[in-house]
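**Q** When you get a sec, could you build the whole thing from the sequences and use the hints?
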Amino acid sequence: MISEMKRTKLLIYTAAVISMLTGCQKFLDIRPEATVPSAGVDYSKPENIFLSVSASYAKMRDFGAHAFPYIGAFEITSDNADKGSTPEDNPPMAELDHFTYGASNDLINNLWTAYFDIVSGANYAIGQMPLFEAALPAASDKLTTRQCQAEAKTIRAYAYFNLTRLFGRVPLIDTLLTAEQLASLHQATTDDLYKFIEQDLLEAIPLLPASYSPDFAGRITRYTAMGLKAKVHLYRQEYDSVASLCDRIILSGQFSLYPKFRDFFSINGKNGMESLFEIQSSTLGRTSGDQTYIEYAYEQGPRGNSPAGLQGWGFCTPSQNLIDFFNSRGEVIRPLTTLLYRGTVTPEGDSIKKSCTNPVYNGKVYTPLIYNKWYFNGYGFDQNVRILRYADILLMYAEAKARGAAFPTKSGLTGDNAVNLVRARAGLPDLTNTTVDQVLDERRAEFALEEDRFFDLIRTGSAVTVLGPLGFTANKNELFPVPSAQLQLNLNLTQNPGY
Amino acid sequence: MFLLFIQMQAQQNITGKVLDEKNAPLPGVYVTVKGTLRGTITGMEGEYSISASPADTLVFSMVSMKTQDIPVGSKTVIDVKLEVEASVLNEVVVVGYGSQRVKDLTAPVVSIKSEDLTKQLTANPVQALQGKVSGIQVINSGIPGSTSLVKIRGVGSIGDYANPLYVVDGVFVDNIDFLSADDIQDLTVLKDASAAAIYGVRAANGVILITTRRGAAGKAVITYDGYFGYQLPVNILPLATKDQYVQLVNEANVNTPGYIPVPPSRYPSSTDWYKELVRPASTTSHGLDMSGGSDKSSYSVGGSYFLQEGIMNIRNSYQRFNLRGRFDQTVNKVLKVGLNLVFSQYSKIIPNDGDFFQAFVNPPVYPVYDNSNADAYPVKFAAPQKYGFGNSYGNPVAGAYYWDDLEKGFELVLSSYAELSLVPSKLVYKLSYNADLAYYNSRNYTPQYYVGGSQGVTESQLSKTSGNSSKKIIDNLLTYNDKSGKSSWTVLLGQETRIEKSAFLTGSAIEVPGIDEQSKYISLGSSAERNANDGASTFNGLSFFTRGTYNYADKYLLTLTFRADASSKYQQKWGYFPSVGLGWIMTDEPFLKGVNNLDYLKLRASWGLLGNDNVPANSAVVLGQTGTASSAVFDSRLVTGVGAQTVVQNYLKWEVVNEFDVGVDFGFFKSQLTGTLDLYRRLTSRVVFFAPIATGGGVAQLLGNNGNVVNQGVELKLTWDKKISEHLSYNIGANITTSMNRVTKLQGRDYIPDALIRGNYATRTQVGHPIGSFYGYKIDHVYQSDSEAFLDPVVQDIKAAGYFRYKDQNGDKVINDKDKVFLGSPIPWLIGGLDFTLAYKKFDFSLSLQGQYGNKILNAKRMNRDIFADGNYDKDFYTHRWTTTNKSNKYPSAEAYNFGFIQQANDFFVESGAFIRLQNVQVGYTLSKLSFVSKLRIYVAAQRPYTFFNYQGFTTEIGGTPTASGIDNSVYPLQSIYTLGVKMSF
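Going down the list, the sequences are from chains F and A. For the first sequence, the positions run 1 to 499 when our numbering is used. For the second sequence, the positions run 1 to 986 when our numbering is used.
Hints are not guaranteed to be accurate.
Stated by the list, open to error - Straight-line C-alpha distance at most 30 Å; calculated DSS-like pairs for lysine-lysine: (1) K380(A) to K354(F); (2) K476(F) to K818(A); (3) K26(F) to K573(A); (4) K275(A) to K818(A); (5) K813(A) to K799(A); (6) K476(F) to K799(A); (7) K807(A) to K476(F); (8) K103(A) to K34(A); (9) K296(A) to K983(A); (10) K26(F) to K983(A); (11) K296(A) to K17(A); (12) K373(F) to K807(A); (13) K778(A) to K26(F); (14) K486(A) to K430(A); (15) K464(A) to K373(F); (16) K471(A) to K353(F); (17) K983(A) to K723(A); (18) K722(A) to K593(A); (19) K386(A) to K354(F); (20) K380(A) to K373(F); (21) K410(F) to K260(F); (22) K890(A) to K875(A); (23) K26(F) to K472(A); (24) K573(A) to K501(A); (25) K476(F) to K778(A); (26) K353(F) to K380(A); (27) K471(A) to K113(A); (28) K818(A) to K353(F); (29) K807(A) to K818(A); (30) K66(A) to K22(A); (31) K354(F) to K373(F); (32) K935(A) to K354(F); (33) K34(A) to K26(F); (34) K476(F) to K813(A); (35) K26(F) to K430(A); (36) K813(A) to K778(A); (37) K373(F) to K195(F); (38) K66(A) to K333(A); (39) K113(A) to K103(A).
Derived from the structure by calculation, the hints contain no laboratory data.
**A** As structure tokens, then:
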């Protein structure tokens, strides 16, 4: 009786164990909740092509890439601008202003990481496109993938251009790597970096469209890539290429100068007829929520002004040197937009109160109160960061001509013509037989506080003369130091001279 | 069918009395029928009554008394006299999936009784372990209702997942915040592999077992335990006053171009922001318990209420209400069943503790309120911007005031079992079903308000989250024990199935009226911007395990365990965790017989492997980066985007702890002096944590198996128990733990930097050093004059009088990254505690101390002057800063203090975290037999009345992740608690 029972029990247990073991694999193989069955992107859907490209555009909105550190390294370092705000505010920015920064400066590290994030985002998008191209049968879709890849390549080239200007030598990353590989990369030479940038742009130009529908205003076009490439050649002192590319842009007839200088910097001037490349910033018409904007204008807004929507941090204030420069040239139109004095009322009707901390602010980022609806500190959140505009194309063209570019241009524009188009709008008389120095002065007046001046001085070799009195040390400050944090993450990086 | 096993025998009622050597009645003696689960417990007069057959043997046992076995025979009255046994070795402690005699243990297992837990006036029973148990570091926070960080034997695993496993009546939980000390019968800490390996993949960080209160046979006993307390914020860091602040700011800007010195008269008032943010507060606790039973059944039911008001000067508190019931029933000779329920309900009003940082940096020169601040609404708070300060500043009191964060929830822990005695006193099968069900509900509301600068919100915002989780565990356990000759052994076979699920639903809206609680609903907000989100997680686990113990002649002991775990979280599904423990009771050997004053000596050794699956599920999968941050903007609209990292994701493997322990337990002088000494070595291999990676892959850090870490040290516990006379006895207990943490291997890199502050890494994890050691410049001295700085051949970013001269470690006359060195570790290498108790007649007195030594803290709240260049200073800096008349060689000048080159990790910012604390002082008076009250104890106590440390902050108890811990960015202060309490039983 008992043995009978034992047998029954044994049977029950055995059955239980067997059923458990077979059910076991199913029990342990479970998919995480709140996910879709096939992880990753569906490459067979054309509407998914743009996803990764969109993400790489988004990365350009980063604080490090186009806000505070950007303003500091690209403009406050120059003779056009002072740090601004209160004297004691933000010591790292004061270090940039006075060339006392070292490898431990946080803002410089922000620049490094932000631009490499853009590179990474572009690399991801570039890598995604062949997968779409393989999965999509329609020829038009295949074409879209190539165009999108060209956009991402332009973004990558732009990021590397800034990295190269800032640091001279940085690691070249164009693919998926392991953490170990990332940590052991050596820096590429400046020459190799420029070759890489030129190659990306060269490949991108023929695949990019000349324009987009208005709901995609601000997307990278063929002319964005051409303009960037012209600028790269300008830094490489390859003036024939500069002239040729600018000539093609002029010839396209897609661009023209706003008759009024001020209009280009208004909210309505965003992605307008003069624009080749802007970093897009918008509150999307909302008053709170996720950050879809850049605080580029806000950081330069009048400090201590009221109401709250009409005030900012007050950094990057126009220097006396810049004001004197305008005055010495008898300029009226451009200073009126570039310089925003306290104790005045703007043509748009906003008053910049006497009680503001600094006497004068960057007027190019001025955004009238009616546009600043974000809660309490929305000054210029809808203002794009202007990277490349038609006036730059004209002045690059003129400089190339003045430097003797022999390439036959088709637009029929002379160097003088190009400069004078810009000067006429500024209310200045025509030049003849324009010299290189005259073009460079024109650049300073036209692009003051647009993050162009410092690297122009480096490019033309006049940084020591101009910036020496401000603390610039030759054979050192031409490049920023490789951030100390980066030296610790990758032991194969070497420091730039002088740091 | 089990009825077949039962051989009916003539049962009769046996009664009797149990007395001690002096013929005094002994209450609380366990009387059991040998080989069965039947038992009872003696009453206040030592009386008992139990049914047994003449063939049975009664076992009389009690802690610290010699156990007696008496065959029933024809007797119906059995009176027993128990002798004192000068050791607690026969005491039984709970171990994983069972219990063991202390004498048979081969592992250092520490058991703590309810009395020791309730003595500490803490919200959470875990906090009461601080300084009590060797090898445990408890890091407390002052925020009411916050979870304490517990580290058993050092740091191995990743940050949030480094807590030990808590097992409450068989249920695995992440913390025991929901329990009151009154709910607990005993708490057992399994420290080494031999004890913990039975929990396999969950045991890497140690295991804490909790048994909730159970009843015992005898007449019903009702106990009440309660106190009222007064809490005071302590160790509030003194800040610079208005005049001192103004003086420092002027000093700092002496050489700033365009700077005009500020006269103190420019500012209207002087405010100590810390003082504005703290207050005294009350706390109270009440617990009621009733337990009793017969020889076949027992019960215990209880309830408790706890309330702690926060010491932040704003609505913040923690309330907990618990109900508990436990029932055990012996159905017949074979079957025993039990059910246990713990229900806990809590509510928290969570303060904005980040405000303490704002209080630290805000200039002490403007008032809290300002009626002339026209922009401010609804309350006229003063705005720092009106006094010329930037938008990074916000009025700290306003920041605390407008914070409205609530959390409520409940948790139900259910455990049930059926136990079958298959072969009487030998083979037992136990099936248990345990579950932990929790539900929480949180809401965060920000009213429409404005103070100044960017401190304000134009539209009120409300977000709510509801979540629930369930954990179910089904255990099948088969236990066999037997003996033959001098050998005895036990075998445990077990199988466990775990299913864990959690889910949450969250929603938010703007423009919610929020006048009162009734109007804080998403449905009342603007319909235009309502958002909802949800998520869930599921985890399944399957385990098989076994334990065997062998005892030969009560001298030689062996414990073997093995567990196989499968987890749905890993691609590598199965992990195997063995352990072995050996014990040798040397005092029973002939060569130690007659050694003077040595009563007991046991040598122990153990080894085992433990696992850790407490990592995020599916970490090997690259997830898309979605949302606004990955979407482009064109023409004022968002175009959906999805990005991804471009660095290869690590494939995670099991993290494994390889632990070795050698120990000795001893007793001297009739066991008046007892102690335990253990040497341990834990090697955690393939340690999992987030580590920063080189820039370029689109992410700043990756989760990975980063290397191996060793924790080793010595744990010593000594107890001196002395009874001087019938009326006077005392006890001294001391414990000390040393721990040394070393990284022994790093995967594919020379070191891991972490804790990025102001563009510089402040810690470094490197082979040969403790994990997350502070890393930076050593200060050689402070330049005493400009000429000294100028003439110094060593080049550094900035040199002038009052600036640090960093040590040129490599002698290349340039100060740069190559001159950075290790500056100490946040891990204490010595933790200790001391307890003293004294009983004299009806008085009792106790005192406990605890402390730690050797750990460092990075005073990061001082390292903020890039953003808060005109922020406030602490008083210590004011007093000691370098000036031309106070030529310090440790502190920089006010000017230098603002420079980035000075404001990075160096040995000025890395301070000692050592502290010594008077943890608890208590005096009690006990009365017995007061009309209907059988026992009454009244006591006054002070919890944490005094803590001594040199660190410039509220506390040195600072947590963090393994590679970035001990970094103080400002925390909620700790409190002292003074109480009056009473404990009585009826």
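**Q** Hint by hint, which ones does the structure fall short of?
**A** The structure conflicts with hints 4, 10, 12, 13, 16, 28, 32, 33 and 37, although it agrees with all the remaining ones.
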